[in-house]
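Peer 1: Listed below are the residues making up each chain.
2 protein chains.
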Amino acid sequence: MAMRRFRPETPISIWDRQVGTLRELMERGLADSVATDPGEAVREAGLVVLCTPVEAMEELAAAFVSNLSPGSVVTDAGSVKSCVTQRLGPLLGGRFVGGHPMAGSERSGLASARADLFEGAPCLLTPVVETDRAALDGVADFWSSLGARVATMSPAEHDRLVARLSHLPHALAFALVHLAATTLPEGSVGLAGGSFRDATRVASSNPGLWTGILTENRDEVAGALREMSALLLTMADDLDAVKRDSLLDFLERAREHRDSLPLPPPEETL
Amino acid sequence: MAMRRFRPETPISIWDRQVGTLRELMERGLADSVATDPGEAVREAGLVVLCTPVEAMEELAAAFVSNLSPGSVVTDAGSVKSCVTQRLGPLLGGRFVGGHPMAGSERSGLASARADLFEGAPCLLTPVVETDRAALDGVADFWSSLGARVATMSPAEHDRLVARLSHLPHALAFALVHLAATTLPEGSVGLAGGSFRDATRVASSNPGLWTGILTENRDEVAGALREMSALLLTMADDLDAVKRDSLLDFLERAREHRDSLPLPPPEETL
Chain A
1 MAMRRFRPET PISIWDRQVG TLRELMERGL ADSVATDPGE AVREAGLVVL CTPVEAMEEL
61 AAAFVSNLSP GSVVTDAGSV KSCVTQRLGP LLGGRFVGGH PMAGSERSGL ASARADLFEG
121 APCLLTPVVE TDRAALDGVA DFWSSLGARV ATMSPAEHDR LVARLSHLPH ALAFALVHLA
181 ATTLPEGSVG LAGGSFRDAT RVASSNPGLW TGILTENRDE VAGALREMSA LLLTMADDLD
241 AVKRDSLLDF LERAREHRDS LPLPPPEETL
Chain B
1 MAMRRFRPET PISIWDRQVG TLRELMERGL ADSVATDPGE AVREAGLVVL CTPVEAMEEL
61 AAAFVSNLSP GSVVTDAGSV KSCVTQRLGP LLGGRFVGGH PMAGSERSGL ASARADLFEG
121 APCLLTPVVE TDRAALDGVA DFWSSLGARV ATMSPAEHDR LVARLSHLPH ALAFALVHLA
181 ATTLPEGSVG LAGGSFRDAT RVASSNPGLW TGILTENRDE VAGALREMSA LLLTMADDLD
241 AVKRDSLLDF LERAREHRDS LPLPPPEETL
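Protein chains in written order, with our numbering: chain A, 1 to 270; chain B, 1 to 270.
The hints are simulated quantities; they were obtained by calculation from the structure and are not laboratory data.
Where is the CB? At the ideal position from N, CA and C, for every residue including glycine.
Just so you know, not all the hints are guaranteed correct.
Label-pair restraints from in silico Cβ distances [as the list claims (entries may be wrong)]:
| hint | chain 1 | residue 1 | chain 2 | residue 2 | range |
| --- | --- | --- | --- | --- | --- |
| 1 | A | R28 | B | E27 | 50 to 56 Å |
| 2 | B | T152 | A | I12 | 53 to 59 Å |
| 3 | B | V19 | A | C51 | 32 to 38 Å |
| 4 | A | R28 | B | D259 | 25 to 31 Å |
| 5 | B | S145 | A | A111 | 36 to 42 Å |
| 6 | B | D259 | A | G89 | 16 to 22 Å |
| 7 | B | T182 | A | P70 | 46 to 52 Å |
| 8 | B | V19 | A | S108 | 38 to 44 Å |
| 9 | B | E40 | A | E252 | 31 to 37 Å |
| 10 | A | G20 | B | E256 | 23 to 29 Å |
| 11 | B | V129 | A | G120 | 35 to 41 Å |
Cross-link-like lysine to any residue pairs, in silico, SDA-like; alpha carbons within 25 Å at most [what the hints assert, rightly or not]:
| hint | chain 1 | residue 1 | chain 2 | residue 2 |
| --- | --- | --- | --- | --- |
| 12 | A | K243 | B | T52 |
| 13 | B | K243 | A | A230 |
| 14 | B | K243 | B | P262 |
| 15 | A | K243 | A | L233 |
| 16 | A | K243 | A | L263 |
| 17 | B | K243 | A | E59 |
| 18 | A | K243 | B | R87 |
| 19 | A | K243 | B | P53 |
| 20 | A | K243 | B | P207 |
| 21 | B | K243 | A | P207 |
| 22 | B | K243 | A | K243 |
A few chain B residues that don't get close to chain A, going by computed Cβ distances all over 10 Å [as the list claims (entries may be wrong)]:
| hint | residue |
| --- | --- |
| 23 | P38 |
| 24 | A56 |
| 25 | M102 |
| 26 | E130 |
| 27 | A140 |
| 28 | E252 |
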C-alpha cells in the first residue's frame, strides 16, 4: 500500500504461502503479479524484500537464490540483524542488505495494513564489510521513498539497540500482564487505567513471532532484562530506605530525557 | 469542568495556593467562589474533595476541619489510600471516604483539564469500618455522576492493586528511559518506535508528585518491583537456555489475558 501511494510506477510481485491472501492482493490492486513459488516471485525483481519471521528467512532465500537476476538486491524487514546477516550473507553475498523498518503494531494481517505505516518511522540498515555500496544506497532510497528515516549501523549495534528500545519494552509488557494476572484477585486487572493500558499494548502481539525475535536476539535481550532487573531492585532498595532525594533525582532525569526524544506520533506503531 | 458539564446545578468552591489560578477559574466560569484559606473554602460545602499530593493532605485537613458543616463529607483523589486513611481518619472521623479516580495523564495544570476525564475511568473508594455508610454512598454517587465506574475495596487492597496496575507501570517507564539513556550511544534513543514511546509515556509525569506516591506506597511498590525483577530474571534464564516452549507459553498467556481486559480507550489517561 505504501508503494502504491509513494512509487506507483514500481511493479510489485508478491510471494505468500496462502493462495487466499494472494488472490485478495490482486483483487485490491496491491500486486501486479503473485506466486506461491519463491523462485517465480523474484525472477524479474530489482529489489527483493523478505518479510517473514527471522527464523524462516534462510530457507526462503535458499529456495529463490538461483532465480535472482544478476543486478538484483535483497533486503529484509526482520527485527534481529546479526543472525540474519550471518545466515543470508554467505548465501546472497554483497547484494544482501540487512534492514529493520521500525514500524508496525501488535496487530497483523492484511486488515491492519496502512499506506502511511512508514512515514516518520526509523528504518535501520545494517551493512557489513562485504555489502555492495550500491545495494546499500538502493535499499536506503527505497525506504526513504516510503517516508522512513533511514539510519545505518552494524548488525551488532542494531541488536544491542533494539534489545533495549523494542525487545525489552515488549518483554516488559508480557511480564507486566503476567504479574498482574497472577498476583491480583480475579477480575481486578480490569480496573487498570491508561498507564497499564499503554505499558501492555504490545502484549497483544503475535506470541510465535515474538518468541522468535526474543530467542534470535537472546544474548542482548537477556542482558537488557538483567540490567532492568538490577535497576528495579535498586529502586526497591531506595524505597525501603525512603531515599526520597535519590528517587526524585532518578525520576527527574528520566522525565528530562523522555521529553527530549523525537518519538513518533502516538499511533500504534512498534 | 466535569461538574459543570454533568451537574451544572452544583455550586463549586475552589481552594488553591495560587491566586492566579483562582482568578482564571473565576474568569472561565469554573468556580462560583474561590479562596486561598482552606477554612473559608469548605465553610458551606456538602462534599469536600482533596486534590493535592498525598503528603500534603493531613496538614490541609487540619487547617479546615473546624470549619466543616455538621453533615459535610470529605473525600480525596490521592493515588495511595492506607497512609491517607490512617492520617485523615482520626482527624475527620466517619465523614471521610478515601477515593482514587484513576484518570489523568502525565500532564498537569489547568491547560490539561478535560470535562470528559472521568468518563469510563475506574474510581476506587476505600471505606473502613468507621466510615459512615451515607458518606460512602454520597461519594459513590458523586463520581458516578461524572461518568466514573465506582468500585469499593479496603485501603490495603487498593494499595496492593494500584502498586501493580499503576505505580509499577510508572516505575517501569522511568527505569526504561533511564536504562536506554545510560546504556546506548547518545542520540540513538531517538530511533525508538511505538513500543518504547507507549511504555515510557508516563515517564513525563511530575517527578515530585510521583516521588510522593511511590514513597507513600513504598511497601507494596517495592514488593511489586521485586516480583517484576524476579520475572525478568526468569525470562533471561529461559532465553539463555533457549527454552522456546516455555517462552511461547508465557507470551501466549499474557496475550490472552491482555486481550480479555476491559481497558479504557486509548486516550492519555493514567
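Peer 1: Is it true that the CA of K243 (chain B) sits at most 25 Å from the CA of K243 (chain A)?
Peer 2: Given that 25 Å is the threshold and the Cα spacing comes to 39 Å, the pair is violated.
Peer 1: Would you assess whether P38 (chain B), listed as outside the interface, keeps its beta-carbon beyond 10 Å of every beta-carbon in chain A?
Peer 2: The assertion about P38 (chain B) holds, with a minimum of 25 Å to chain A.
Peer 1: Check the following: the C-beta atoms of G20 (chain A) and E256 (chain B) are separated by a distance inside 23 to 29 Å.
Peer 2: holds, 26 Å
Peer 1: Can the suggested window of 46 to 52 Å be confirmed for the beta-carbon pair T182 (chain B) and P70 (chain A)?
Peer 2: Given a distance of about 47 Å, which is inside 46 to 52 Å, the answer is holds.
Peer 1: Could you say whether the range 25 to 31 Å given as a hint is met by the Cβ separation of R28 (chain A) and D259 (chain B)?
Peer 2: holds, 27 Å
Peer 1: Between K243 (chain B) and A230 (chain A), does the CA-CA distance stay at or below 25 Å?
Peer 2: Since the Cα atoms of K243 (chain B) and A230 (chain A) sit roughly 23 Å apart, the hinted pair holds (cutoff 25 Å).
Peer 1: Does P207 (chain B) lie within 25 Å of K243 (chain A) when you go C-alpha to C-alpha?
Peer 2: Status holds; Cα separation ~14 Å.
Peer 1: Decide if the proposed pair is consistent with the structure: K243 (chain B) and P207 (chain A), CA atoms, cutoff 25 Å inclusive.
Peer 2: Satisfied, since the Cα-Cα distance of roughly 14 Å is no more than 25 Å.
Peer 1: With 38 to 44 Å as the target window, see if V19 (chain B) and S108 (chain A) comply at their CB atoms.
Peer 2: violated, 55 Å
Peer 1: Mind checking the alpha carbons of K243 (chain B) and E59 (chain A) for me, to see if they're no more than 25 Å apart?
Peer 2: holds, 22 Å
Peer 1: The output says M102 (chain B) does not contact chain A. Does that hold with a beta carbon cutoff of 10 Å?
Peer 2: violated, 4 Å
Peer 1: Hey, does A140 (chain B) actually stay past 10 Å from chain A on C-beta?
Peer 2: Answer for A140 (chain B): holds, closest chain A Cβ roughly 15 Å.
Checked against the numbered hints above, the structure breaks hints 3, 6, 8, 11, 14, 16, 22, 25 and 28 and satisfies the rest.
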